[in-house]
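Assembly of the complex is requested from the two constituent chains, each provided in isolation within its own frame, with the hints serving as guidance.
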Amino acid sequence: MAQTITLKDTRRELRIYGGRTAVAVLAVLVALFLVFLRYFNLQVTGYETYRTQSERNRVQLQALPPKRGLIYDRHGALLAANQPSHILSLVRERVPDLEGTLSALGELVTVDEDDLEAFRRRLGQRRPYEPVPLRFRLTEEERARLAVNRHRLPGVVVDAQLMRHYPQGDLFTHAIGYVGRINEREAARLDASDYRGTFHIGKTGIERRYEDTLHGEVGYQNVETNAHGRVLRILDRFDPEPGQDLVLNLDSTLQRVATEALGDQRGAVVAMDPATGGVLALVSTPVFDGNLFVNGISSRDYSALRDSPDVPLFNRAVQGQYPPGSTIKPLMGVAGLESGLVTPESTVPDPGWYRLPGDTRRYRDWILRIRGTGHAPEVDLHMALAESCDVYFYDLARRLTVDRMHEYLAPFGLGARTGIDTTNERPGVLPSSDWKRKTLGQPWYPGETLSVGIGQGYMLATPVQLAAATAAIANRGVFHVPKLVRRIGGDAVAPAPARVIEAAPETWDAIHEGMRAVVHGERGTAKIIARGLQYQMAGKTGTAQVIGIAQGEVYDEDEIAERHRNHGLFVAFAPLEAPTIAVAVIVENGGGSTAASPIAREVIDAWLLRGTLADG
Amino acid sequence: MVDYVRQLPGHEAGLGRGSRAAAGPRFDVPLLVLLLALTGYGLVVLYSAADGDMGAVMRQARYFVLGFLVMLVAAQFPLVRYQRWSPWVYLGGLLLLFGVMFFGVGAKGAQRWLDLGGFRFQPSEIMKLLVPMTVAWYLADRVLPPRLPYLLVCFGLIALPAALILQQPDLGTALLIAASGLFVVFMAGMGWRYIFGAVALALASAWPMWTFVLKDYQRQRILTLLNPESDKLGAGWNIIQSKTAIGSGGWSGKGWLEGTQSHLDFLPESHTDFIIAVLAEEFGLRGVVLLLALYLLILLRGFWIGLNAQSTYGRILAGSLTLTFFVYIFVNMGMVSGLLPVVGVPLPLVSAGGTSVVTLLAGFGLLMAVAAEQRVIGQ
Chain A
109 MAQTITLKDT RRELRIYGGR TAVAVLAVLV ALFLVFLRYF NLQVTGYETY RTQSERNRVQ
169 LQALPPKRGL IYDRHGALLA ANQPSHILSL VRERVPDLEG TLSALGELVT VDEDDLEAFR
229 RRLGQRRPYE PVPLRFRLTE EERARLAVNR HRLPGVVVDA QLMRHYPQGD LFTHAIGYVG
289 RINEREAARL DASDYRGTFH IGKTGIERRY EDTLHGEVGY QNVETNAHGR VLRILDRFDP
349 EPGQDLVLNL DSTLQRVATE ALGDQRGAVV AMDPATGGVL ALVSTPVFDG NLFVNGISSR
409 DYSALRDSPD VPLFNRAVQG QYPPGSTIKP LMGVAGLESG LVTPESTVPD PGWYRLPGDT
469 RRYRDWILRI RGTGHAPEVD LHMALAESCD VYFYDLARRL TVDRMHEYLA PFGLGARTGI
529 DTTNERPGVL PSSDWKRKTL GQPWYPGETL SVGIGQGYML ATPVQLAAAT AAIANRGVFH
589 VPKLVRRIGG DAVAPAPARV IEAAPETWDA IHEGMRAVVH GERGTAKIIA RGLQYQMAGK
649 TGTAQVIGIA QGEVYDEDEI AERHRNHGLF VAFAPLEAPT IAVAVIVENG GGSTAASPIA
709 REVIDAWLLR GTLADG
Chain B
-13 MVDYVRQLPG HEAGLGRGSR AAAGPRFDVP LLVLLLALTG YGLVVLYSAA DGDMGAVMRQ
47 ARYFVLGFLV MLVAAQFPLV RYQRWSPWVY LGGLLLLFGV MFFGVGAKGA QRWLDLGGFR
107 FQPSEIMKLL VPMTVAWYLA DRVLPPRLPY LLVCFGLIAL PAALILQQPD LGTALLIAAS
167 GLFVVFMAGM GWRYIFGAVA LALASAWPMW TFVLKDYQRQ RILTLLNPES DKLGAGWNII
227 QSKTAIGSGG WSGKGWLEGT QSHLDFLPES HTDFIIAVLA EEFGLRGVVL LLALYLLILL
287 RGFWIGLNAQ STYGRILAGS LTLTFFVYIF VNMGMVSGLL PVVGVPLPLV SAGGTSVVTL
347 LAGFGLLMAV AAEQRVIGQ
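The listed protein sequences derive, respectively, from chains A and B. Just so you know, we're using the numbering used here here: the first sequence kicks off at 109 and counts up by one. Just so you know, we're using the numbering used here here: the second sequence kicks off at -13 and counts up by one.
FYI, nobody ran anything at the bench for these hints, they're computed from the structure. A virtual CB, placed ideally from N, CA and C, is assigned to each residue, including glycine. Take the hints with a grain of salt, since some may be wrong.
[Said to hold, decoys possible] Partial chain B-side listing against chain A, Cβ under 10 Å, derived:
id, residue
1, MET176
2, TYR203
3, GLN204
4, LEU293
5, PHE312
6, PHE316
[Stated by the list, open to error] So, partial list: chain B residues that the calculated Cβ filter (under 7 Å) puts toward chain A:
id, residue
7, LEU18
8, VAL19
9, MET173
10, THR230
11, GLY233
12, GLY236
13, TRP242
14, PHE252
15, LEU285
16, ARG287
17, SER297
18, MET319
So that you can see chain B by itself, here it is in the shape it has in the complex (with noise of 0.2 Å):
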């Protein structure tokens, strides 16, 4: 092909130039509203989290500016290709994380980094895309939906990457990954029984997990989650400081910039995991709505994406794409709350911090390739 086009130079502009028209360019508008719309209002908060500090909102939104550019350029590759390199790069993926397991760098007593000459690079985020992604790949050319020994497969493909990154240790990023996997099989089909037995093997499991598995620092945290009363200057700390930034701000809120919990430093973490606390402190129930709308909104348009993907692979990557994002807001909405244990999932397109922006958005960057090979209505 390379050669016929090179024999006929007056042919390859003409190809290219109609191509490209033909397709158009490659990016759901109404998602790149609403993200821009959550994104604008994350830099708000934001900067009050950051007590007025300019330069942690600039360099928010100079991941944000990242972030979308990779998006957008993340949103012009056909599909297929993504299908076609998706377990190479797992594969590469999973090597990485070995290698974190070995030449890793931490912080906190957790080995997440690899040091790659002075730019430190985390393989576990780029695994949140790349489980659906091989799920997906594995299970879209299978019929559908999948028999037993194909969902043992796609299991162990999850699995692998989750229980490297769960002994990094990192709970959170662990349980994403899982998610996000298992939400392509249970997209693709999985059955209802497998589903519920799966559940009911986890129940059973629940003992041992506590007693073999779990580490204490994680047991801590769900017993302080039960209890947070019983260490209220330790472990309950956090959680008894957002619960009571969030409950103070009302329906109204006390207003932007005048949050106490937060401007007196009562609230940890708070431009990071739990910002969300600022938002509802300083602009109360009625801003947390606001957000939770702008959330639900993004999240059906993920939906109807999915809906109207043309090839299988698109479909149950979109399916997947859009509950993990729903699991990202509903995991920190309710852990910051005291609803479910901290397990450091930050609120996605809010919190500070530049490595889950750029995944988040490259995800939704897939999610608008995805949307750009829609069926023909009515097939």
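Here chain A stands alone, though its shape is the one from the complex (with noise of 0.2 Å):
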């Protein structure tokens, strides 16, 4: 077969390529007839249209944040404040290089590690055009130094705002809490529209408790921008309402001698008003400073708090649940003189133990092992109160029963929140047979009874429960809900209802007394506090043991770990007649009560003597 030779042939090709020419041409023509069609479409048709939308693009409705409330002790001495800080930002849109600017950066303005690392987090959350805050609290210098070499980082962006402050640092941490930024999950409860332009919300504490009363309402303006928000002229505004100032309760002194007072040990102090409720100070030690989670903490200081065997970040005077020990002793005499088990006149036997009949456990008193007997032959109420006398309250505890307890402790707020306005009370526990069979699934032994009788055993009280208490016993019977905010805006809080624990005057009376002898008897538990005193004072002292001590195991202070030392509690009012204070203390393995008295007393001289003090 002869095989078929295709040859060029021009003028065929010539003839094709210029028909294809022809299409090439029309499909050219028709296409930019498209794109004339297009533009007169978006320019003649819809002129109007996307006039107006480039018009309401230059024009753009903004966010005014509130100013947050201030927050102030009870004589005006700032507590919480808003200070101008400058904030360095970047829009990422803008940035041509990102790493060559945040390295320019870096020669410019201290960022560090933490910075840079939440900055990045940051910018993923953000959109291209938004500034992402880089740095916070710029210094004087850092902003004249970024002004100067502005024109070769474009996209930095530095912003002035108003950012909480805690002029007092540590001292009011625990007492106030703090604000930090607004996390995704709080994002996604809050009212977006209220939050707009705010980037703080109340974390802990006051702050967060009364957030809604601190951070105002919004404000809106209407202002030209260009796309990256740069304001060029505002138009119109409609001026944010700033949050309601807050007066507490707090006294700075007293926060401050409370603070001094427990110095470098780890503890609590609540100081009342007995006639109000009004918190006088709250202090938790160790103290950390707010300041430092207001704009994020840096992972190397929270590590160091989080993981600090002192546990800096709890806050021992509302979420510190400890055995509150023979503290509760006058709550018991209530009980036992009410419930008429007991009489100003009827008396114990203490031979330094006591046992449940039928048993052959000693349950010992504390005085045995400095004695080697008990307090006295016969011992009343009286005695029992001012030398702590456990086997008293071991009978008192036997006949009246837990349960019966649990109904006459109950209402001194005991193993429930006292309901302080503030953030993660614990309830701690006022324990019953029906708590016990719930929570534990157990029945209740006897022998328990006796424990919780002297304020161990299940029983877990907080500061703030045990101040609270304390101060309804010095109003003879009238229960104030603790309030640290005293006025809001120029308004005065109401008090919540308060709550009357009936009993006789006489009942009263005898519980005053001898808690005045705890202070002022010659063997009372507290007398060491006693020198000097310019007040007629009551209290209670009280030793929580941490770990258990077996049956017939001495106690020996020097040989147990420190951490394994007893806590040292103190309850006190004053003066006697006309109580205008009342004060719990702790101090976590104090080793004993005298540990934690004299900080009672500092902190109820400083309120009773400031005058004096002042004059002085």
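In structure tokens form, the structure reads like this:
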């Protein structure tokens, strides 16, 4: 078969090429006409729409964050302020070379690893035209350096913003809490429009509890901006409504005295005005500086706080649940007298130990170790309070039973949150047979009643509960919910309705007298603080066991590791005749109440003698 | 020959002078004038888009000068030399593309450049010329219209670099390169049945492409095109802003340097890919029509040169280069106005940028080389 050889036919090629060119020209004409139509459609038909849109583009509704309410102590000392702070941010879209810019910024201002890490995290969450903060609280010098170099750092923005500042540093952190940057979970919960332009929110304490009051209401302004939100001109403006200022019941002096008295010991002090429930001091040590949290604490600082064995972040005053020990004996006294099981005159024999009927186990009185015998052959209520006799209250507890004990002690605020206006309050435990069955699924044993009778065993209370209960005793039965905030804006805060614990006047007299003898009595357990006391103080010491002491074992303070030493407690009110302050003190591992009672005296001194001190 | 010339030194000068005089300066005056007008217009718009930054304008002007020099030099070589060298340079270009794949450096998640000791080079750029040149070389000596086996070879020559560039990923460039190669085949007379067959095949493969081949960002671009309002502040932002810029320009525009969209920074990429929006906002539809007219004249001149080319190689190459230039225009103006997906194609000879200017003007140099070797009228 002959092979067909096709030869190149230039004429045919040219004809085809001409045809193809004609098609191409036609296609080009059609396509360019389409483009023209599109632009005609946008620029002529849609002109009005797009002109309006372009106008709107320039005019933007911008949120004006309200000024957060300030927090003052009862005398007007500023505890939480707003400080102008300069923020260095980057607008991703305008930064041509992010890494280059970051390293250039690193030479102008201090940017540490934490800043960078937080910045990169935020970078992923923001739109490219939104400023992403890199550094907060620029110093004046840093701002000047940035201003000078601004031309070579496109997309770098420095904004001024009011930022929370706690001028007293660590002194009030546990009392008022702190604010921090709004996290994702909070952002989801918050009303987005209310918080437009606001970056911080109360995280703990008063800052959180009174968030709605402190925050205020957002304002708006119509501004002409460029696409990056840089304001070129303000067109009109609806001012934000600033948050309301809070005046607290706290007294800075008292707070400082209490904090300094605790020193480097771990512990808590709560002082209250018995007449109103106003909290005069709320201290938990160790302290930390809430300012650290305002703009995101560095991971190094945070892990230092979190991992410290002293758990400084833990607010012992409201979260710390301790066995109240003998500090509940006055309450037990009220229960005994009111139930008719004891009278001021009735006595209990005290050999230094107590035995349940039909049981061989001896429940020891703390005095046994010291004197080898009881407080006295026969102990009455007055002595039982003054000398903190365990045997007397073992006997009372046995006769009262745990459930009636619960009935009498619950009105003093034990076993339930007091309702103090802060966050993270814990309820403590006021045990009952019901409680044990529900939580542990076990029946109640009679021996446990004895432990509870002296504030040990399952019983747990927070310092604020003890302060509130002590205030109620001082008040002869009027129980006030502890209140940190005294005034909101200009208005006094209406206190929660007081709860009245019904008891005979003689009951209160007997308890007050017994507590007076704790301090002023010759053998009072707190007589060490009576020296030079210029007023009558009523108090009660307490010691809380940290580890169980086995039967027959002797507790030796020196041999036990510091962390296993007993907690020292002391509750007090003064002056006896017309109390104006009630205090609860706990010193963790203080060994005994002698660690706590001098602190209470210092606080009460500071409160009652403040006029004298000022004169001196 | 060299030896011969050396032996006859007196002849050398005469030969050189004579041949140059006979050929004359090899550049196409109408095309040069049109290109100068276009680049001048572009610089005026750029001055506004760059917010009156004379430095940016001067930088772009320097690229134009360089581009025009490359163009005029490129126009001086006889076409046959390009034809002979096309496949070899093409092979070199492919090697460089493989090099990019393994040793390339990148930015914004794409790996497009080779770092040659501080000097960054984008091999995909030269492939924009090498692909049509090589396909034209391959077809020039065959009987046209090309038969199916030749067509398949051509598609291989096109697909290989296009695929390499697509995975960088650089959708815009891959598209332009594929188009430039296909245009050669089209101008060479590829049968209509093949063309329709290929179109049908492309439509049929749209679904698997969407599902398996396209990357998320590409799918996102397409979805954004279909409904840019869906993500006003994110993906759709650019298109909404550019449409607003164009539309608010109206018939006569807001005036030079008066565009609010661009000067208040609402318009993204306002001096590169989206520069047409600045032009449309400030000069209005009038300015757009002027630009379209300039482009159309350049395209018509390109087609004219192709029709009058002497060799098959020059002819089909000229047609392809012209059509590719058109694709730049159509895709860019279409994408900025929301007709087409945003694929990162500059507005030719107006958008700021050095590489594309040099490549485009080098292409016009080739076109002028074709123009210099015209068919005798009436042959």
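Point to revise | Hint check, B:PHE252 versus chain A [nearest Cβ-Cβ separation less than 7 Å] | key: holds, 4 Å
Point to revise | chain A contact restraint on B:PHE312 - CB to CB distance below 10 Å | key: holds, 5 Å
Check your understanding: Does B:ARG287 meet its interface restraint, that is, does its C-beta lie within less than 7 Å of any C-beta in chain A?
Key -> This interface hint is violated because 12 Å lies over the 7 Å limit.
Check your understanding: Under the criterion of a CB-CB separation shorter than 7 Å, is B:THR230 in contact with chain A as hinted?
Key -> holds, 5 Å
**Study point:** Interface hint outcome for B:LEU285 [beta carbon to chain A under 7 Å]
**Key:** holds, 6 Å
Check your understanding: Under the criterion of a CB-CB separation shorter than 7 Å, is B:MET319 in contact with chain A as hinted?
Key -> Holds: closest Cβ of chain A sits about 5 Å from B:MET319, inside 7 Å.
Check your understanding: With a cut-off of 7 Å, does the beta carbon of B:VAL19 approach a beta carbon of chain A closely enough for the hint to hold?
Key -> violated, 20 Å
Check your understanding: Regarding the hint that B:GLY236 lies at the interface with chain A, is the smallest CB-CB distance below 7 Å?
Key -> holds, 5 Å
**Study point:** B:GLN204 as chain A interface residue, shortest Cβ-Cβ below 10 Å
**Key:** Violated - the Cβ of B:GLN204 stays beyond 10 Å from chain A, reaching only about 19 Å at its closest.
Point to revise | Interface hint status, B:TRP242 versus chain A (Cβ within 7 Å) | key: Hint violated; B:TRP242 Cβ to chain A Cβ min 16 Å, cut 7 Å.
Review point. Does the nearest C-beta of chain A fall within a distance shorter than 7 Å of the C-beta of B:LEU18?
Key: violated, 21 Å
Point to revise | Hint check, B:MET176 versus chain A [nearest Cβ-Cβ separation less than 10 Å] | key: Interface hint status for B:MET176: holds (9 Å vs cutoff 10 Å).
The structure fails hints 2, 3, 7, 8, 13, 16, 17 (numbered hints given earlier, in ascending order).
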